[in-house]
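Enquirer: Spelled out, the chains give:
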Amino acid sequence: MCLAVPALVVALTDDTATVDLDGIRKDVSTILLDEVQVGDYVLVHVGYALERINAAEAEKTLQLFAELRALDASE
Amino acid sequence: MKYVDEFRDGLTARLIAEQIRQEASGQREYRLMEFCGGHTHAIFRFGIHDLMPENLKFIHGPGCPVCVLPAGRIESMIRLVEQENLILCTYADLMRVPAGRSTHKGDSLQKARARGADIRMIYSATDALNIAQANPERQVIFFAIGFETTTPPTAAILKIAKAMELKNFSVYCNHVKTPPAMAHILASGEARIDGILGPSHVSTIIGSEAYAECCHTYHTPLVIAGFEPLDVLASTLMLVRQINEGRAEVENQYTRAVSKHGNEKACALITETLEQRALFEWRGLGELPDSAMQIRPEYAGFDAEKRFSIDHITADDIKGCICPAVLRGVSKPDACKLFGTACTPEDPKGACMVSSEGACAAYYSFGRFR
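Chains F and B supply the protein sequences, listed in that same order.
My numbering puts the first residue of the first sequence at 1, with every later residue one more than the last.
My numbering puts the first residue of the second sequence at 1, with every later residue one more than the last.
Since the hints were derived computationally from the structure, they do not count as laboratory data.
Any given hint could be a false lead.
Far from chain F, by Cβ distances over 12 angstroms, these chain B residues were calculated [as the list claims (entries may be wrong)]:
hint	residue
1	R14
2	E54
3	E84
4	A125
5	K159
6	A187
Taking lysine-lysine pairs in the DSBU-like style, the calculated list, with each CA pair at most 30 angstroms apart, reads [as the list claims (entries may be wrong)]:
hint	chain 1	residue 1	chain 2	residue 2
7	B	K260	B	K2
8	B	K167	B	K319
9	B	K162	B	K265
10	B	K265	F	K60
11	F	K26	B	K265
12	B	K319	B	K111
13	B	K265	B	K111
14	B	K332	B	K111
15	B	K319	B	K337
16	B	K57	B	K265
17	B	K260	B	K105
18	B	K337	F	K26
19	B	K337	F	K60
20	B	K57	F	K60
21	B	K57	B	K306
22	B	K265	B	K159
23	F	K26	B	K162
24	B	K319	F	K26
25	B	K319	B	K332
26	B	K159	B	K260
27	B	K167	B	K337
28	B	K111	B	K167
29	B	K265	B	K2
30	B	K260	F	K60
Don't be surprised by glycine CBs; every beta carbon is placed ideally from N, CA and C.
Whenever a hint applies, use it, and build me the whole structure from the sequences.
Expert: Right, dumping it as structure tokens:
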């Protein structure tokens, strides 16, 4: 039940965001978040945006994976 | 899909797994509990299980809300909806869960619907509000279940329903809390857990700090892990390192969605509408203090337990079903006599076989030929 999917915010009106998930569009509530902007990725769960994805933190995690691959390639 | 595909790369997965095999060497066992059913499914679906060394075992936890809901609470709702001719709304996960059997053998919400009860599957809590508005002459109950992830939407609709002064809407609140269940499992010690893969989206709401006391009290490390396979692998490696170094800290691998204090706006909304319930029964774990939420007195008009006379039914699980032991991390699903024979996802006898997050369903879907 706790699954939530990252979806791109493409439009905003009041407490509702239209999100795009691989081409599927859906309106979700943004009542649980203070700031949402078009272009953000949000975690969508039962019709609500639970949290914004922190792009900088995601990049840091991916960078660690990239370093592991680079290390393997150099061996 | 962005933020999904990058976290499923096969080469990276093999490299992290190799690192785990190197660092988890030696004589000791590493017994890691993934609390969430979402992690159990990622472990089986992506074959993570097969990449691990022999001495590292994943123990499946109780983090599946429909699995831990006592069957009696479902039967109570079936009785109410059939007696009062009201509309019952619930998330799809709950529809096929076996209810208590004192009225109808092998009953479920789905079977009650087939008999004519007006039970509706909804995607979002907001749908329940819309149904109440569209049917002003009938009472509508939202059968709310879920851990902290699913609690804020329920809190949100309670607040909206009060603002709208809806007279025909109420919530049957079954929301439960993660840290008390975790503490209970660690305190009992029967699953012999060395480390915990912490919840992804529960933590998005409650924050990483919420587990600090539990980790400290039971000297057990916890790493909050995302639900994608690379998240699970990286978190497993972090746990192995903590265990090797004798540390018992809360670490956060899922930094792209989880902060130290969580979603404070969502938590404030929960506090405004819900309060701690003194005692709540969990299937498998028994009655746990301060482990669930109930509706605040200010919102009593929207509390189905206050508005209706609800029978409190204590229902036994079906004979032979070992769901309770599976939920405590003491038994594996394939140790059950009913597994794959009398109990399958098509005809489930126990809750853990129904839910897409249940451990039995994961074994059946991805591991039954092992």
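Enquirer: Decide, hint by hint, whether the structure agrees.
Expert: Now for the hints, and whether the structure bears them out:
The non-interface label for B:R14 is inconsistent with chain F: the shortest C-beta to C-beta separation is roughly 9 angstroms, within 12 angstroms. With a least beta-carbon separation of about 23 angstroms from chain F, B:E54 lies farther than 12 angstroms from that chain, consistent with its non-interface assignment. With a least CB separation of 26 angstroms from chain F, B:E84 remains clear of the 12 angstroms interface cut-off, as annotated. Under the 12 angstroms C-beta cut-off, the non-interface status given to B:A125 relative to chain F is violated; the minimum distance is some 6 angstroms.
Listed as a non-interface residue, B:K159 fails to keep its Cβ farther than 12 angstroms from every Cβ of chain F; the least gap is roughly 9 angstroms. Distance check on B:A187: its Cβ is at least 23 angstroms (rounded) from any Cβ of chain F, clearing the 12 angstroms threshold; non-interface status holds. With a C-alpha separation of about 24 angstroms, the suggested pairing of B:K260 with B:K2 holds against the 30 angstroms cut-off. This hinted pair does not check out: B:K167 and B:K319 have alpha carbons roughly 42 angstroms apart, beyond 30 angstroms.
The hinted pair formed by B:K162 and B:K265 meets the criterion: a straight-line CA distance of about 19 angstroms does not exceed 30 angstroms. The hinted pair formed by B:K265 and F:K60 meets the criterion: a straight-line CA distance of about 26 angstroms does not exceed 30 angstroms. Restraint check: the Cα-Cα separation between F:K26 and B:K265 comes to about 23 angstroms, which is no more than 30 angstroms; the hinted pair holds. Using a Cα cut-off of 30 angstroms, the hinted pair B:K319 and B:K111 holds, with the two alpha carbons roughly 20 angstroms apart.
Using a Cα cut-off of 30 angstroms, the hinted pair B:K265 and B:K111 is violated, with the two alpha carbons roughly 39 angstroms apart. Proposed proximity of B:K332 and B:K111 is supported: the alpha carbons are some 29 angstroms apart, at most 30 angstroms. About 10 angstroms separates the Cα atoms of B:K319 and B:K337, which keeps this hinted pair within 30 angstroms; it holds. Annotation: proposed proximity of B:K57 to B:K265 is violated, straight-line Cα distance about 37 angstroms (limit 30 angstroms).
The straight-line distance between the Cα atoms of B:K260 and B:K105 is roughly 47 angstroms, outside the 30 angstroms bound, and the hint therefore fails. With a C-alpha separation of about 43 angstroms, the suggested pairing of B:K337 with F:K26 is violated against the 30 angstroms cut-off. For the hint linking B:K337 to F:K60, the alpha-carbon distance of about 46 angstroms lies beyond 30 angstroms, and the restraint is violated. Proximity of B:K57 to F:K60 is assessed by CA-CA distance (about 29 angstroms); at most 30 angstroms being required, the pair is judged to hold.
Of the pairs offered as hints, the one joining B:K57 and B:K306 is violated, with about 45 angstroms between alpha carbons and a cut-off of 30 angstroms exceeded. For the suggested pair B:K265 and B:K159, the alpha carbons sit about 14 angstroms apart, so the restraint of at most 30 angstroms is met. At roughly 26 angstroms between alpha-carbon atoms, F:K26 and B:K162 fall within 30 angstroms of each other, so this suggested pair holds. Between B:K319 and F:K26 the CA atoms are separated by roughly 44 angstroms; this puts the pair beyond 30 angstroms, and the hint is violated.
This hinted pair checks out: B:K319 and B:K332 have alpha carbons roughly 17 angstroms apart, not beyond 30 angstroms. The suggested pairing of B:K159 with B:K260 holds, with an alpha-carbon distance near 26 angstroms, which does not exceed 30 angstroms. Taking the CA atoms of B:K167 and B:K337, the gap is about 48 angstroms. The hint is violated against a cut of 30 angstroms. For the proposed pair B:K111 and B:K167, the alpha carbon gap of about 29 angstroms is at most 30 angstroms, so the pair holds.
This hinted pair checks out: B:K265 and B:K2 have alpha carbons roughly 26 angstroms apart, not beyond 30 angstroms. Between B:K260 and F:K60 the CA atoms are separated by roughly 17 angstroms; this keeps the pair inside 30 angstroms, and the hint holds.
Going down the numbered hints, you'll see the structure goes against 1, 4, 5, 8, 13, 16, 17, 18, 19, 21, 24, 27, while the others check out.
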